[in-house]
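Engineer: Here's the letter readout for the chains.
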Amino acid sequence: MKLKIRKNLALIDQHDKNFMYGGKFGGNFIPETLKKPIDDLTKLFAKLRKDKKFLKERDHYFKTYVGAPTPFIKLDNLTDHLGGAQIYAKVVSEANGGAHKIYNATVHCLIAKKAGKRFIVGDTGAGYAGKMLSMAAKKFGLKCKIFMGAKDIKRQRPNVEAIKKNGAEIVPVTTGSQTLVDAVSECMRYWVSNCDTTHMCVGSTVGPNIFIKICAWSTAQISRELIKQINDEFGKIPSKLKLINCVGGGSSAAGFWNEFMNTDAEFIGVEAGGPKNSKLHAAPLTNGSKIGILHGAAQYVIQDKEGQIGSTESISAGLDYPGISPLHCFLKDAKRARYTSANDEEALSAYKLVSGLENISPSLEPSHAFAEAIKLAPKLDSSEVIIVNSCGDSIKDKDIIKQKLGSYKR
Amino acid sequence: MKSKIALAFQNCKKEKRPALITYTVAGDNTKNNSLKILNEISKHADILELGFPHNTPIADGGQIQGSSHRALKNGIKLKDVFQIVKKFKKNNPDKPIILMGYFNLIYQKGENNFLKSCKLSGVDGLIIVDLPYPENKNFAKKCKKKSISFIQLLSPTTSRERMKKIVNDSHDMIYYISMLSTTGGRLKVSPKKILQNYNTIKRINPKKNLVIGFGITEKTISSLKSANGLVVGSMLCKIITKSLKMRQNPVTKLAKVVYNLRNKIL
Ligand SMILES: Cc1ncc(COP(=O)(O)O)c(C=O)c1O
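Protein chains in written order, with my numbering: chain A, 1 to 410; chain B, 1 to 266.
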């Protein structure tokens, strides 16, 4: 059955009274202990997002601290090289810290202050969510703890160092696959034990409903900027426009698309296909995974027949997650967005091509989105426009890139 | 007709002691051993909780995660969990068994199918960690129709108003989580404070059987014995871990520990 998206209602608000999107995605599958803290946070956020003073504060920090707007540039060399659609990038990696995770982190710290909390905890995979939370926590005077899988600590060293330098404590998670999925679980478990004093920030548009809302509301800044920049560049929204974004949990994509919901722009989400010849991947939407419950929300999720969450693999720590935001499940089933995947090798060669031709250096996550743009562009007419969200900087991946491609230049 | 869970509480009240409720994980450390453990500890425990393991638990501490991990590594499946219950019930038809776990396993099997298997194997009650009130209303109703108790949880964060609603809608047993913690945390609240909260809930409806769980060990159990029931879980999982490490038989070890626990609340 095709789900319907209502016009004139923000995507994050299109849930029913049980906080389910399309009647089947999302919700709050949480332990009793978290009911009250989540209720409190839900009420506080509902109030704050209508509070003009709070909005002013948010805009102030987005401008002076995050650095709004991030650049919108044409990739002339890549466009010429591929010989088809015009390719642009929204260079969100220019935001303070080097990725879109700064929006969610900043807003969560502002909320934590309003809630009178002195401690903040968060999960991280690629390390950007953790780096940004530790940065914002330092700025706003909160004590910060970051949960990170032991495997990710090894493969995303530069961000680990940044987190430590910001004075946050890193808690290595050694259960399960030792990646993002385990970091989120451990962070939630920590919150269960400390929810009286501590605010929790979920690093993407996943988890209990309120965290999905706060995160997508924060990253929506990306498309608020972009829609203006597009109008400045083209005088209108191009009639044939594709917005391509990688999806791990889905926070950058949700923010990149939000303001375009009621336009004709085509949304393409790119999941992590994993190594070329491996059965393992992190692409539940592309590979037809069934609906299940992960981290408090119903979503398409990689799992076995019994409901045990399945293993994933991706060269990109930020996309290496078995689930996907309920918002994207909803957009998929409403046929508003389409989802595909790029494998490790495709992402690496996209990184190589883009960073070689252009003055940007996307991390392995947005390199998945560029891989799709590279596949599509030659088949399209030059009147068509592709915009890729270059949502993260490659510096964190320098070890992996050096190992796989022989060198890392900057 | 009174349920086996209700009868167990009635017996304990007659003996002026709380019900001793154990929690172990199905398949820990093997299918056979977990059945043997149930058989042994049921001599001293009044109600048995049996965990059906999930690999992404959001409310379990290290001990229970360890037990679940061992069980899953041994390939435990839901059908094995029901087998264990069925075999146990054959020899102990009156001892109540409560399955405890996360909702995704029920969701994948289908609520009705899951309840059918519960009924066929003799499950008396269910605790679903991540299906809170009021989201659990529908499923709780289905349980009631099948005479399976859906056990609601209350926590120190539960508001007064919410408590009243949950107590009102509850079946044969209510579970009070002693403190803000995942399972297996050290008891960080004084027994006095826990019993204060316990009594507040009791006053809402004194007839309801209210048990306390989380952080209860040999050391703390007697200080809470005025409750209707006390749940010991992580401590038992820890003993299995320890006895495996020391190459001892977890079955005999656990039987002894549960016997001691029982003596502490007489
Ligand atoms: C640069 C970058 N892009 C994308 C992601 C994936 O997350 P999301 O899908 O929420 O944007 C991450 C996550 O860590 C990231 O660091």
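Among these hints, one or two may not hold up.
Heads up, incomplete: computed chain A residues facing chain B, CB under 8 Å, no partners named [claimed, not checked]:
| hint | residue |
| --- | --- |
| 1 | F72 |
| 2 | G292 |
| 3 | L405 |
Some chain B residues flagged as far from chain A (calculated, every beta-carbon gap over 10 Å) [to be verified]:
| hint | residue |
| --- | --- |
| 4 | H44 |
| 5 | K77 |
| 6 | F82 |
| 7 | P156 |
| 8 | R162 |
| 9 | S181 |
| 10 | I204 |
| 11 | K225 |
| 12 | K245 |
| 13 | K256 |
Derived by calculation from the structure, the hints in this document are not laboratory data. Each residue gets a CB set at the ideal place from its N, CA and C atoms; glycine is no exception.
Engineer: Hint by hint, note whether the structure agrees.
Structural biologist: Checked hints:
1. F72: At 39 Å from the nearest chain B Cβ, F72 of chain A fails the 8 Å test, so the hint is violated.
2. G292: Given a least distance of 5 Å, the restraint on G292 of chain A holds.
3. L405: violated (34 Å)
4. H44: holds (29 Å)
5. K77: Label violated. Min Cβ-Cβ 6 Å, cutoff 10 Å.
6. F82: holds (13 Å)
7. P156: violated (8 Å)
8. R162: R162 of chain B not clear of chain A: closest Cβ-Cβ about 7 Å, inside 10 Å.
9. S181: violated (5 Å)
10. I204: holds (16 Å)
11. K225: holds (24 Å)
12. K245: holds (18 Å)
13. K256: holds (30 Å)
Consistency with the previously given hints fails for numbers 1, 3, 5, 7, 8 and 9, ordered from lowest to highest.
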